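Residue numbers (this note's numbering), protein chains in the order written: chain R, 1 to 111; chain V, 1001 to 1116.
For the record, the hints were derived by calculation from the structure and aren't laboratory data. Please read all numbers here as calculations on a predicted model, not as lab measurements. Glycine included, C-beta positions come from ideal geometry on N, C-alpha and C. It cannot be assumed that every hint is accurate.
Claimed, not checked - In silico contact screen, one side only, chain V against chain R (beta carbon under 10 Å); selected entries: (1) GLY1003; (2) VAL1004; (3) PRO1008; (4) ILE1026; (5) HIS1029; (6) TYR1033; (7) GLU1044; (8) GLY1072; (9) PHE1074; (10) ALA1088; (11) LEU1091; (12) TYR1096; (13) GLN1105.
Stated by the list, open to error - One side of the interface only, derived from the structure: several residues of chain R facing chain V at Cβ under 10 Å: (14) ALA86; (15) PHE89; (16) PHE97; (17) LEU107.
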Amino acid sequence: GNSVTQMEGPVTLSEEAFLTINCTYTATGYPSLFWYVQYPGEGLQLLLKATKADDKGSNKGFEATYRKETTSFHLEKGSVQVSDSAVYFCALISGGFKTIFGAGTRLFVKA
Amino acid sequence: DTGVSQDPRHKITKRGQNVTFRCDPISEHNRLYWYRQTLGQGPEFLTYFQNEAQLEKSRLLSDRFSAERPKGSFSTLEIQRTEQGDSAMYLCASSYDTGGSTDTQYFGPGTRLTVL
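Only chain R is shown next, with the shape it has when bound in the complex (with noise of 0.2 Å):
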């Protein structure tokens, strides 16, 4: 069946360094993929998506690529904020409307 991989956390940072959260799938057909930001106390954003293979989805400083020879969707940064402390969470659809999301990564930034 369909399932999404990312890596466990939590990710700690300081302010300015890089970020990279890793995403791996399994999907049959030709999944669309997201990655969802969860900040403290707040429900669920769309942060950004790419639906067919190549597609680089963007927001806010943050991009990933959709590779579909490493069935990969990781998630960068150039530089991190402390506004970015969130749980991230990858997600893809694949063939019908439910969305299939991976247990997400804590990412705590200090100042």
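Fit chain V to the known structure of chain R by using the hints.
Coordinates of chain V only, in the frame set by chain R:
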């Protein structure tokens, strides 16, 4: 656009009681989804509506769970005879049908259920 709203935000109940949650989607959205999220995990799909029709249900949705969307607008999720294992965050999302399966889903803040 006021976003997806859910009510109540928190619910504490005793085992065996029935509970009902409400979700109001973004007004022009015709698709509505329910998910459940337990601590330390990602959300898991429960069910999906296109307008008032319930088109897909997860095996997670036991006979004690029922969801409705009677007029194609708001939706309710009822859990009968609650069990401690039902304790979780229940999330609602909505999207607008653009003819594909990649429509962006917008999530509400969730209802946190605690079953004592």
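Quiz item: Looking back at the numbered hints, which does the structure fail to meet, lowest number first?
Solution: Of the numbered hints, 3, 4, 5, 8, 9, 10, 12, 14 and 17 do not hold.
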